[in-house]
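Q: Residue-level listing of the chains:
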Amino acid sequence: MTAQESHDTVSNSSRDQKGDEGAGRPVGAPRRERGTRVRRQRVRAAWLFLTPMLIGLLLVAGWPLLRTFWFSLTDASLSSLEGSQFIGLENYLVFDDGWYGILADSLWWQSVWNTLYFTLVSVSLEAVLGVIVALVLNAHFRGRTLVRAAMLIPWAIPTVVSAKIWAWMLNDQFGIINHMLLGLGLIDAPLSWTADASLSMWAVIIVDVWKATPFVALLVLAALQMLPSDCYEAAKVDGIHPVRVFFRVTLPLITPALLVAIIFRALDALRVFDVIYVLTSNAASTMTMSIYARQQLVEFQDVGYGSAASTLLFMIIALITVVYLYIGRRQLGGGS
Amino acid sequence: MKSGLVYAGSVLMALGGISQAQAADLTISCGAVGAELQLCQAGVERWEARSGHSVEVVSTPNSATERLSLYQQILGSHSGDIDVFQIDVVWPGMLATHLIDLNEHLPKGATDGFFEAIVDNNTVDGQLVAMPWFTDAGVLYYRKDLLEKYNLEVPTTWAALTEAAHTVQAGEREAGHKDFWGYVFQGRAYEGLTVNALEWMASYPEGGTIVDDDGKITVNNPQAAGALSQAAGWINDISPQGVLNYTEEEARGVFQSGNALFMRNWPYAWDLVQSEQSSIRDRVEVAPLPAGGKDGQSAGVLGGWNLAVSRYSDNPDMAADLVAFLTSFDEQKRRAIEGSYNPTLPALYQDEEVLAAVPFFGTLYETFTSAVPRPAAVTGDNYPRVSNAFFNTVHEVLSGRVTADQGLESLEGELERIKRRRW
Chain W
1 MTAQESHDTV SNSSRDQKGD EGAGRPVGAP RRERGTRVRR QRVRAAWLFL TPMLIGLLLV
61 AGWPLLRTFW FSLTDASLSS LEGSQFIGLE NYLVFDDGWY GILADSLWWQ SVWNTLYFTL
121 VSVSLEAVLG VIVALVLNAH FRGRTLVRAA MLIPWAIPTV VSAKIWAWML NDQFGIINHM
181 LLGLGLIDAP LSWTADASLS MWAVIIVDVW KATPFVALLV LAALQMLPSD CYEAAKVDGI
241 HPVRVFFRVT LPLITPALLV AIIFRALDAL RVFDVIYVLT SNAASTMTMS IYARQQLVEF
301 QDVGYGSAAS TLLFMIIALI TVVYLYIGRR QLGGGS
Chain Z
1 MKSGLVYAGS VLMALGGISQ AQAADLTISC GAVGAELQLC QAGVERWEAR SGHSVEVVST
61 PNSATERLSL YQQILGSHSG DIDVFQIDVV WPGMLATHLI DLNEHLPKGA TDGFFEAIVD
121 NNTVDGQLVA MPWFTDAGVL YYRKDLLEKY NLEVPTTWAA LTEAAHTVQA GEREAGHKDF
181 WGYVFQGRAY EGLTVNALEW MASYPEGGTI VDDDGKITVN NPQAAGALSQ AAGWINDISP
241 QGVLNYTEEE ARGVFQSGNA LFMRNWPYAW DLVQSEQSSI RDRVEVAPLP AGGKDGQSAG
301 VLGGWNLAVS RYSDNPDMAA DLVAFLTSFD EQKRRAIEGS YNPTLPALYQ DEEVLAAVPF
361 FGTLYETFTS AVPRPAAVTG DNYPRVSNAF FNTVHEVLSG RVTADQGLES LEGELERIKR
421 RRW
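Chains as they are written, first to last, in the UniProt record's numbering: chain W, 1 to 336; chain Z, 1 to 423.
Source of the hints: derived by calculation from the structure; they are not laboratory data. Positions of the beta carbon are idealized from the N, C-alpha and C atoms, including for glycine. Heads up, some of the hints might be wrong.
What the hints assert, rightly or not - Residues from chain W that face chain Z, not an exhaustive set, calculated with beta carbons under 7 Å:
#	residue
1	Leu78
2	Tyr100
3	Gly101
4	Ile132
5	Asp172
6	Ser192
7	Thr194
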């Protein structure tokens with residue numbers, strides 16, 4: 001097949017508004033056969049180009065994943081990886097005068113709950129705030145470029161650094177947050193943000209929202225700038241209230257971008273580690289699945305048990321992603 | 001193109017060669033709590049001047065729990081990046097397989113004159129895996145000016161401490177010192193809380209141990225429950241709620257800025273609270289930790305750090321020589337005077353210059369020699385799990401999420417689970 005021919009095929013089908021049916025009929029069977037051969041060739045070329053990447057993925061993602069899963073079926077410890085023995089599903093669940101294993105560990109289930117709670121609250125807040133920030137930055141005002149650049153700073157600072165900064169700001173005795181709240185008369189005694197079990201989750205959420213909102217805002221802002229202006233002109237002519245315009249025009253149009261931002265953030269939040277580890281270390285009230293797995297793997301040297309936790313973490317994230325994509329696709333499909 | 005690559009490669013190799021030539025002969029990891037790092041650097045520089053080799057000093061996290069994880073990662077990957085490790089008194093058993101036998105690399109009699117108990121602690125299966133560098137035991141720091149002002153005795157029981165703290169805290173707050181607290185300690189969920197809580201428990205008659213010497217789980221007893229309930233009562237009463245996230249340095253920060261009457265800490269803090277920048281200089285004294293009631297006894301938990309050489313080191317003999325130098329009489333004396341680090345040589349506790357700098361080394365000698373050990377030997381590889389379960393439970397009790405009785409009962413179950421896994 002020459003370039004000329006392929007060009008013809010493309011232009012033929014695009015010229016004919018009714019699609020393949022009209023374009024295919026006059027030429028008939030031989031053309032379809034040639035199309036199949038071309039398709040086969042293209043498929044082969046595609047595989048050829050994809051193979052290196054697939055091999056790379058298998059090496060860097062597939063192999064560690066399988067190895068982790070294998071370790072989760074053994075009693076390996078970090079100091080003696082070689083001398084491990086196969087113990088089946090004992091790391092997950094085993095009955096021996098009572099249930100043992102990770103699925104019987106209340107701390108694991110608390111970590112799962114903490115992770116889901118953290119993800120739901122922080123990502124929701126980030127989505128709402130991100131859209132608001134993006135709308136503000138989309139408006140025309142002086143110094144907009146400067147504000148846009150400044151907005152990205154929280155996202156640009158390494159998490160460990162910003163978490164440490166926040167840890168000092170949230171310090172119960174010397175922290176500036178308590179100082180300000182006391183000065184404003186909002187509280188009458190310093191709050192111990194990172195030590196009080198009922199506050200520490202919120203402290204972590206505040207820091208994460210501060211950090212990740214710019215990311216959502218950036219993606220939404222990009223979507224906002226590509227919106228067609230005619231819808232807005234029509235709305236203006238019809239005298240529609242701006243709030244109604246936002247919910248009926250803007251929001252549906254930026255939904256795809258917002259959904260992408262949310263899935264990115266949700267995946268990040270589900271395996272959150274650094275911000276929480278710096279702020280509250282291994283405290284049970286903010287322990288997430290990643291922190292639980294790290295503690296088993298590194299602190300307790302229990303590669304088997306820790307791998308079981310990592311495997312479950314992977315499965316939970318995969319499950320949530322699949323459900324999210326399924327719902328997201330259905331909603332988008334229904335919308336268009 | 002090809003020649004370009006070759007050229008780039010040779011440049012890289014040349015650069016690598018240069019950086020290797022400039023790299024230090026040895027790398028040592030030192031703690032950075034208080035003035036620790038400066039003292040370590042000064043000691044290392046003296047060895048460098050003597051031996052002509054260069055040493056790189058790397059600092060490690062302040063939290064012992066985090067430091068252990070870091071070491072385990074480095075040693076677990078058989079990396080020779082760090083030659084000399086500063087290891088906690090509870091770690092020799094866990095890390096022994098990664099450390100060299102110093103008996104083979106040091107002259108005979110290298111451990112003569114050291115506290116025997118610590119040398120025994122550092123000997124695993126007949127191998128000396130670490131040299132004692134400094135020892136530690138928890139002590140009580142108090143503000144003598146404030147105790148005098150309110151006409152109070154130095155407390156010898158926890159109940160007396162609580163009462164004194166109440167009196168002084170109320171008085172100082174009334175006088176306008178709003179941020180004043182009675183007692184600060186280490187309450188974050190980490191190894192330090194294990195130490196603090198074990199001190200409370202061990203100060204009661206038979207309240208004693210988490211796991212006894214035979215490996216039996218003994219933590220769930222009424223005396224221990226009483227000790228923990230008492231401590232839980234301190235939170236928001238005489239201790240700020242923030243202690244639940246304090247390590248040694250946070251506690252010292254509050255005490256040293258004059259905002260607390262009592263502090264539980266290690267001897268290292270002495271030199272710092274008495275330093276020129278300290279706002280409470282010359283108004284502080286040190287006493288043994290209070291006992292748990294009349295029949296109880298003061299109990300400081302044994303701490304302290306040792307120097308060990310990695311099995312993956314390229315220069316084990318040179319590293320062993322550095323260890324021998326840093327743990328020598330002169331060097332320990334310098335560290336005792338300049339940084340109030342407890343020597344591991346009994347002779348130094350009678351040294352006049354040392355006693356002039358740190359008077360309580362003489363008066364509290366008993367506390368240091370009879371310090372309570374943590375159950376690291378008997379629980380072996382599982383010690384981090386045991387300690388972790390213990391400090392998490394204590395943290396929950398202190399936070400008021402569970403009562404001491406409930407907490408200890410579920411801790412007992414948790415420890416049974418751990419014991420089931422090879423201890």
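Q: Each of the hints needs a verdict: does it hold here or not?
A: Tested hints:
A least Cβ separation of about 5 Å between Leu78/W and chain Z falls short of the 7 Å threshold, and the interface hint therefore holds. The criterion of a C-beta within 7 Å of any C-beta in chain Z is met by Tyr100/W, whose closest approach is roughly 6 Å, and the hint holds. At its closest, the beta carbon of Gly101/W sits 9 Å from a beta carbon of chain Z; the interface hint therefore is violated under the 7 Å criterion. Interface hint status for Ile132/W: violated, as the beta-carbon distance to the closest one in chain Z is roughly 33 Å, over 7 Å.
Proximity of Asp172/W to chain Z holds as hinted, the smallest CB-CB distance being about 3 Å (cut-off 7 Å). This hint holds: Ser192/W has a C-beta 4 Å from the nearest C-beta of chain Z, less than the 7 Å allowed. Taken as an interface hint, Thr194/W checks out: its beta carbon lies about 5 Å from the nearest beta carbon of chain Z, inside 7 Å.
Of the numbered hints stated above, those contradicted by the structure are hints 3 and 4, listed in ascending order.
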